[in-house]
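Asker: Could you slot chain B onto chain A? The hints should help.
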Amino acid sequence: MRLRLFLTISLALGFSSIAGDWPQFRGPSSTGVAVDATIPRKPKIDWSVSLPGRGLASPIVVDGKVFVTCSSGPKQERLHVICFKFADGSKVWERQLRATGRTMSHPKTSIASSTPCSDGSRIFALWSCNDLAAFDMEGNLLWLRGLTVDYPNVSNSLGMASSPIVIGETVVVTVENDSESYALGVDVNTGRNLWKLDRPKAANWTSPVPWSAGANSPGVALLQSSKGLLAVDAISGSRLWEYTEGASSSSSSVVAGDAVYVPSNGVTALALQANNPAPAQLWRSKQVNPATISPLVLNGRLFSINAAGVLTAAETKSGDVAWKLRLTGPFSGSPVGAGSGLLAVNEKGLVQVIDVSAPQGAILASLQLPLKADTKELILCTPALAGDHALVRTDSTLWRLGNEPGR
Amino acid sequence: MRAILPILFALSLANLHGSVAESIQALTAVAGEGSGNEKAGAAWREVVKAGPQVLPALLAAAGKGGPVADNWVRLACDAVIDSALRSKQALPLAEVEGYLIDTRQPASGRQLAFDILQRADRAKADAIEPSLIHDPVQELRRGAVQRLIDATKGKESAAAKTGYLAALEAARDEDQTKFIQGELKKLGVPVDLPRHFGFLMKWQVIGPFDNTGRNGFATAFPPEKEIQRDATYVGKNGPVQWQAFESTDDYGKLDFNKPLGMQKEVTGYAVTTFDAPEERDAELRLGCKNAWKVWLNGEFLFGRDEYHRGQQMDQYKLKCRLRKGPNTVLVKCCQNEQKEEWTVEWEFQLRVCDSAGTAILAGNTAAK
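Protein chains in written order, with the numbering used here: chain A, 1 to 407; chain B, 1 to 368.
So here's chain A without its partners, still in its complex pose:
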């Protein structure tokens, strides 16, 4: 039933990804959860491949292929999109373009910071320099945009990181910073603007989140910023409602059922309703503090990891904390979940599998990934889930993780 509901809503939102796909940042509905995947209960490395450049963009999985973006060169001015076979990691194609916008960033992050997204037949890749490129699955270029060429003050000297999403025929892109901030609805077919909204002039690294009231309802993009949350119609860009009590500029909201959980004053749960009236507050809890990590909802509970690496499970109905579990941090990437399992990978490459059905939560297994010591590389990305596998990357390597035999 749950799967059917998910598929219905996915189709309503225009997702054409097939089961097993992880087509954008935090998965099919940007929830961090894959209803048709399984967390590896005792993870092992299936395969690894070298990457040609830096990046903290998550890998995405579409139709048996894995897509990763990177940046390389002395000033990270070379932008890569690489397609690998999901089955064995062999490279299918690679394309390289050059940054047309500024490539300055904080040394910890990089220009390949935004996770690409896909509608099932196209890949839309965005980098911190605000180059946006669309390719078909075979690597043919469909269209290009240079958003800093179009809007010269769109940039952030620390780096941008918002990941685009696809809703129907619209790629929703937020390029928000202190100087010139926009949200754009870009036509998937042409790369032209369907709409362009002025956004608060403030640095913002959160990603838009899709929502729809139901199968026949129009797709809505929830745009988060330090001011709060704005709901816009994905086709027209018209403003539907706004929550104005502030929100995180790094941890993104998550939609589950009829509510959106906003990293605002801790976490604030808002009821989402059809016909787009302003949402009512369901609860607010400062005990759930996602810091820079995006929360997710699994089996009726909201999970978030705070700055100290503590995983908190809170009831979605009330915000009451059910349990807390200390993980080994620090974390930059957000956890992902499936079934009763969560997968969290800390900066040092420790993969931690958590059973959230245990009364107080329990770490089931862990796996240390062999990060390169000479470059002190870190895992900053949010993992991707597909089938019985997870994918993570560093500045140098992409790994596919699977299950130890017999587990």
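Just so you know, these hints were derived from the structure itself, not from any lab.
We put the CB at the ideal spot given by N, CA and C, even for glycine.
Incorrect hints may appear among the rest.
Below, simulated DSS-like cross-link-like pairs (lysine-lysine); rule was C-alpha separation at most 30 Å, straight line [claimed, not checked]: (1) B/Lys155 / B/Lys253; (2) A/Lys75 / B/Lys225; (3) B/Lys319 / A/Lys75; (4) B/Lys202 / B/Lys64; (5) A/Lys85 / A/Lys44; (6) A/Lys108 / B/Lys202; (7) B/Lys317 / A/Lys108; (8) B/Lys236 / A/Lys75; (9) A/Lys201 / B/Lys124; (10) A/Lys376 / B/Lys178; (11) A/Lys201 / B/Lys202; (12) A/Lys196 / B/Lys319; (13) A/Lys108 / A/Lys91; (14) B/Lys258 / B/Lys161; (15) A/Lys348 / A/Lys44; (16) A/Lys196 / B/Lys64; (17) A/Lys75 / B/Lys64; (18) B/Lys49 / A/Lys85; (19) A/Lys91 / B/Lys155; (20) A/Lys201 / B/Lys253; (21) A/Lys108 / B/Lys236; (22) B/Lys225 / B/Lys185; (23) B/Lys253 / A/Lys75; (24) B/Lys236 / A/Lys376; (25) B/Lys178 / A/Lys108.
Some chain A residues well away from chain B (every beta-carbon gap over 10 Å; in silico) [as the list claims (entries may be wrong)]: (26) Ser48; (27) Glu77; (28) Asp131; (29) Met137; (30) Leu142; (31) Pro152; (32) Val186; (33) Lys201; (34) Gly257; (35) Gly266; (36) Pro277; (37) Val297; (38) Ala362; (39) Ala365; (40) Gln368.
Answerer: This is chain B only, laid out in the frame that chain A set:
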């Protein structure tokens, strides 16, 4: 080779099927906000289908549009080479090499040509790279400079000095120059970094004007209306006047906190006269972590109201045209209300150079 290259490229274009030539034009015709994308998308496939023979014509198209158009061209080359390497088709590498060594060709095309050589014939690219050490394209120099640095490492004192001085003369990137300077320092050779990079060191500054609520950025205080160096204006805390200030920083940082005091929610201006030996194209390259605006001879070049997100040399490249003789450079620099330790800086660094990052020295610049 140089003389016949344009003819070769013209022939390349003429030999192409007319529709492919039109398709290439569609790639370079893309404009702002995705204009031309539909045509270019279809054209891209046609161009790629034409195979390796299209490469010279694609190179000839580089630089004909803007940077986004150059990416259309680059990605077409990428796909053509992929396909050719897979099917073991010959590539017109002699023509690509001819294009690369012709310094009259646009920077984007020559970078692309070098990338093609690196992919298709690494040995050839390696053989050519050292000859690019004085190339007018900053990025093409870099590899050659690095080769010279690497070859100099570990040499005895006199040879090391010779090697590093030669590398310094060619180096344009901050990281390489900094490394060379460090090695020369160990050898007892001082390096005049401000002169090497072309930083402007001698300024007159005035302020503070108000920037409460970050409103100073949009407010045109008197220095934006007139440059009258003996004038007195009403500042944030009382009368303000221009005063001379010279940076002593190796990287030309002008710290307003020094002449004007450490203040918050304030605006400062700095003005200098740059005596250009000739009328020419140039770049004013700025690094600044405060909100800023820059004018040249009264013409506004660019501005940005971002605070304390980071600063680096050559953070912003402002293309301009210098007049022969005196040129007035005016910089506005706003400090905001933040109180954190990392928000103390109220400064900028600005240099005058060409597109390769080579310093353009004022007629009256003296060496240290």
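Asker: Does each hint hold? Answer for all of them.
Answerer: Against the structure, the hints:
{"no.": "1", "hint": "B/Lys155 / B/Lys253", "verdict": "violated, 34 Å"}
{"no.": "2", "hint": "A/Lys75 / B/Lys225", "verdict": "violated, 37 Å"}
{"no.": "3", "hint": "B/Lys319 / A/Lys75", "verdict": "holds, 19 Å"}
{"no.": "4", "hint": "B/Lys202 / B/Lys64", "verdict": "violated, 39 Å"}
{"no.": "5", "hint": "A/Lys85 / A/Lys44", "verdict": "holds, 18 Å"}
{"no.": "6", "hint": "A/Lys108 / B/Lys202", "verdict": "violated, 35 Å"}
{"no.": "7", "hint": "B/Lys317 / A/Lys108", "verdict": "holds, 24 Å"}
{"no.": "8", "hint": "B/Lys236 / A/Lys75", "verdict": "violated, 40 Å"}
{"no.": "9", "hint": "A/Lys201 / B/Lys124", "verdict": "violated, 49 Å"}
{"no.": "10", "hint": "A/Lys376 / B/Lys178", "verdict": "holds, 23 Å"}
{"no.": "11", "hint": "A/Lys201 / B/Lys202", "verdict": "violated, 34 Å"}
{"no.": "12", "hint": "A/Lys196 / B/Lys319", "verdict": "holds, 28 Å"}
{"no.": "13", "hint": "A/Lys108 / A/Lys91", "verdict": "holds, 27 Å"}
{"no.": "14", "hint": "B/Lys258 / B/Lys161", "verdict": "violated, 36 Å"}
{"no.": "15", "hint": "A/Lys348 / A/Lys44", "verdict": "holds, 16 Å"}
{"no.": "16", "hint": "A/Lys196 / B/Lys64", "verdict": "holds, 28 Å"}
{"no.": "17", "hint": "A/Lys75 / B/Lys64", "verdict": "holds, 24 Å"}
{"no.": "18", "hint": "B/Lys49 / A/Lys85", "verdict": "holds, 24 Å"}
{"no.": "19", "hint": "A/Lys91 / B/Lys155", "verdict": "violated, 42 Å"}
{"no.": "20", "hint": "A/Lys201 / B/Lys253", "verdict": "holds, 27 Å"}
{"no.": "21", "hint": "A/Lys108 / B/Lys236", "verdict": "violated, 38 Å"}
{"no.": "22", "hint": "B/Lys225 / B/Lys185", "verdict": "violated, 45 Å"}
{"no.": "23", "hint": "B/Lys253 / A/Lys75", "verdict": "holds, 21 Å"}
{"no.": "24", "hint": "B/Lys236 / A/Lys376", "verdict": "violated, 47 Å"}
{"no.": "25", "hint": "B/Lys178 / A/Lys108", "verdict": "holds, 21 Å"}
{"no.": "26", "hint": "Ser48", "verdict": "holds, 23 Å"}
{"no.": "27", "hint": "Glu77", "verdict": "violated, 8 Å"}
{"no.": "28", "hint": "Asp131", "verdict": "violated, 7 Å"}
{"no.": "29", "hint": "Met137", "verdict": "holds, 14 Å"}
{"no.": "30", "hint": "Leu142", "verdict": "violated, 5 Å"}
{"no.": "31", "hint": "Pro152", "verdict": "violated, 7 Å"}
{"no.": "32", "hint": "Val186", "verdict": "violated, 8 Å"}
{"no.": "33", "hint": "Lys201", "verdict": "violated, 8 Å"}
{"no.": "34", "hint": "Gly257", "verdict": "holds, 36 Å"}
{"no.": "35", "hint": "Gly266", "verdict": "holds, 23 Å"}
{"no.": "36", "hint": "Pro277", "verdict": "holds, 34 Å"}
{"no.": "37", "hint": "Val297", "verdict": "holds, 33 Å"}
{"no.": "38", "hint": "Ala362", "verdict": "holds, 40 Å"}
{"no.": "39", "hint": "Ala365", "verdict": "holds, 39 Å"}
{"no.": "40", "hint": "Gln368", "verdict": "holds, 32 Å"}
The earlier numbered hints that this structure contradicts are 1, 2, 4, 6, 8, 9, 11, 14, 19, 21, 22, 24, 27, 28, 30, 31, 32, 33.
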